[in-house]
Amino acid sequence: MVTRQTRAKARELRASGLTGQEIADLLQVSLTSIIKWTRDPNHPYSVKARVRRLQWQEEGRKAAREANKLHRMGSLLYWAEGGKSRNSVVFGNTDTAMMLLFIKFLRTELAVKDDEIKLHIQAHAVDPIQIKQIEYYWLNILILPHSALMKTHLKKGNHERKHKTYENGFCVIYVNDTRLVQHIYGAIQEYGGFDNPEWLF
Amino acid sequence: MAKPFLREEARQLRAEGISVGAISTRLSVSKSSVSLWVRDIQLTNDQLEQLKNNHVQYGEQNKGAQTNKKVFKTLRMCYQETGRVKAKEGHPLHINGCMLYWAEGAKEANRFYFINSDPNMMRLMMRFLREEMKISDSDITIRIHCHFDNPVEVSRVETYWLTVLGLESNSLRRTVYKEGSENREKRLPNGVCSIRVKNSVWLVQHVYGAIQEYSQTANSEWEF
Chain D
534 MVTRQTRAKA RELRASGLTG QEIADLLQVS LTSIIKWTRD PNHPYSVKAR VRRLQWQEEG
594 RKAAREANKL HRMGSLLYWA EGGKSRNSVV FGNTDTAMML LFIKFLRTEL AVKDDEIKLH
654 IQAHAVDPIQ IKQIEYYWLN ILILPHSALM KTHLKKGNHE RKHKTYENGF CVIYVNDTRL
714 VQHIYGAIQE YGGFDNPEWL F
Chain W
82 MAKPFLREEA RQLRAEGISV GAISTRLSVS KSSVSLWVRD IQLTNDQLEQ LKNNHVQYGE
142 QNKGAQTNKK VFKTLRMCYQ ETGRVKAKEG HPLHINGCML YWAEGAKEAN RFYFINSDPN
202 MMRLMMRFLR EEMKISDSDI TIRIHCHFDN PVEVSRVETY WLTVLGLESN SLRRTVYKEG
262 SENREKRLPN GVCSIRVKNS VWLVQHVYGA IQEYSQTANS EWEF
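Here the protein sequences come in this chain order: D and W. Quick note on numbering: the first sequence equals residues 534 to 734 in the numbering used here. Quick note on numbering: the second sequence equals residues 82 to 305 in the numbering used here.
Be aware that one or more of the hints could be misleading.
[As the list claims (entries may be wrong)] Using 30 Å as the maximum straight-line C-alpha spacing, the simulated DSBU-like pairs for lysine-lysine come out as follows:
| hint | chain 1 | residue 1 | chain 2 | residue 2 |
| --- | --- | --- | --- | --- |
| 1 | W | K169 | D | K689 |
| 2 | W | K112 | D | K602 |
| 3 | W | K169 | D | K637 |
| 4 | D | K617 | W | K259 |
| 5 | D | K695 | W | K169 |
| 6 | W | K169 | D | K595 |
| 7 | D | K695 | D | K617 |
| 8 | D | K688 | W | K259 |
| 9 | W | K133 | D | K617 |
| 10 | W | K144 | W | K169 |
| 11 | D | K697 | W | K151 |
| 12 | D | K542 | W | K144 |
| 13 | W | K144 | W | K133 |
| 14 | W | K169 | D | K697 |
| 15 | D | K602 | W | K169 |
| 16 | D | K602 | D | K542 |
| 17 | W | K259 | D | K689 |
| 18 | D | K695 | W | K144 |
| 19 | W | K133 | D | K602 |
| 20 | D | K569 | D | K542 |
| 21 | D | K689 | W | K144 |
| 22 | W | K188 | D | K651 |
| 23 | W | K154 | D | K688 |
| 24 | D | K697 | W | K259 |
| 25 | D | K688 | W | K167 |
| 26 | W | K267 | D | K569 |
| 27 | W | K133 | D | K637 |
| 28 | W | K144 | W | K167 |
| 29 | W | K215 | W | K150 |
| 30 | D | K602 | W | K215 |
| 31 | D | K697 | W | K150 |
| 32 | D | K595 | W | K150 |
| 33 | W | K150 | D | K637 |
| 34 | W | K167 | W | K150 |
| 35 | D | K697 | W | K267 |
Since the hints were derived computationally from the structure, they do not count as laboratory data. Note that this is a predicted model, so its numbers are computed, not measured.
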């Protein structure tokens, strides 16, 4: 199990000059984790990336000041329902109207192309036909090609009851673009009239 | 099993098509027991018709309730209409409040109930209520849900939210302690805060109307 000690140890080893892969082999954890734990926030690359993200947030603020209704609505919905990830836009909901509004926001306000959007559907279903139906429901509603679909996640639990409540499952939009998500963070702060230091990552 | 003989008798009587109330008086057992015993017995259509005719006021008792239901539904629709009209003006703060409520608010028919742990979001919501909807502070109550029951911590959190939202301590409801992992406690150091507004049918329906106008859709689930 990974404990606080493991992380501290990894940092120690990194400081002593071992490479990431060597530490990963030594501690029996994945390289990705090692990279995450031993990241130096003051490393020139990190600083550069942070500055870039700030610039993108500033772009978002600027766009927010021009006060467009759709831009405002999309950003605020993202504040509430979106994932707070640093590098990708993650927005999930069961409400069709909300998903429609959000994808409209992505397409018209942020000029996202269809091939950049990925859909991840989560459903309470066991029947393959039912699963296909749910997948096509979302593809039709959001007007996306079949290639946008990621592997549908089948949720555990009482399928019959949950399927009744969430007939069309739960749909998540992914756009892997740091610039977009930072733009949205900037816009939210401008619309809400506050600064959130947590979003400086 | 309690009262096996009475139970048998009740079932026989029911099969003959006698009402639950009549059986209960005849055998001096409570109505609920009789109902429990006989509910699986299928009556024929003739017997059901007979029962209906016995009951002079059948359907009348319910009528008032149905009328009220209709009246209040119309009223709620009127409130939604005012929301739609207001939404056409497209005031920025109004959009903010409605979008946040769409995402995080409780979708109840008769009260405005918004809950979140983000102080910035809660502050914005309060601004929406005060400036846009002209709600006075005395109509707003808040409740804090937290994952710790240490009294010192709890009072710290209470003052925290009262200062964040700029409310007096009399609008604070009893804080609720939630069972949960230590992880939650760390992730939500200030707990979760919920805002309720008294007598807020009009307010919440106004918001529903506005949301539908903004998103250009009609949501049949909000026709309560």
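Hints and how they fare:
no., hint, result
1, W:K169 to D:K689, "43 Å, violated"
2, W:K112 to D:K602, "60 Å, violated"
3, W:K169 to D:K637, "19 Å, holds"
4, D:K617 to W:K259, "24 Å, holds"
5, D:K695 to W:K169, "37 Å, violated"
6, W:K169 to D:K595, "25 Å, holds"
7, D:K695 to D:K617, "26 Å, holds"
8, D:K688 to W:K259, "26 Å, holds"
9, W:K133 to D:K617, "60 Å, violated"
10, W:K144 to W:K169, "38 Å, violated"
11, D:K697 to W:K151, "27 Å, holds"
12, D:K542 to W:K144, "74 Å, violated"
13, W:K144 to W:K133, "16 Å, holds"
14, W:K169 to D:K697, "35 Å, violated"
15, D:K602 to W:K169, "11 Å, holds"
16, D:K602 to D:K542, "50 Å, violated"
17, W:K259 to D:K689, "25 Å, holds"
18, D:K695 to W:K144, "35 Å, violated"
19, W:K133 to D:K602, "58 Å, violated"
20, D:K569 to D:K542, "14 Å, holds"
21, D:K689 to W:K144, "44 Å, violated"
22, W:K188 to D:K651, "29 Å, holds"
23, W:K154 to D:K688, "37 Å, violated"
24, D:K697 to W:K259, "29 Å, holds"
25, D:K688 to W:K167, "41 Å, violated"
26, W:K267 to D:K569, "21 Å, holds"
27, W:K133 to D:K637, "55 Å, violated"
28, W:K144 to W:K167, "35 Å, violated"
29, W:K215 to W:K150, "28 Å, holds"
30, D:K602 to W:K215, "23 Å, holds"
31, D:K697 to W:K150, "26 Å, holds"
32, D:K595 to W:K150, "49 Å, violated"
33, W:K150 to D:K637, "37 Å, violated"
34, W:K167 to W:K150, "26 Å, holds"
35, D:K697 to W:K267, "35 Å, violated"
When the structure is compared with the earlier hints, violations turn up for hints 1, 2, 5, 9, 10, 12, 14, 16, 18, 19, 21, 23, 25, 27, 28, 32, 33, 35 and for no others.
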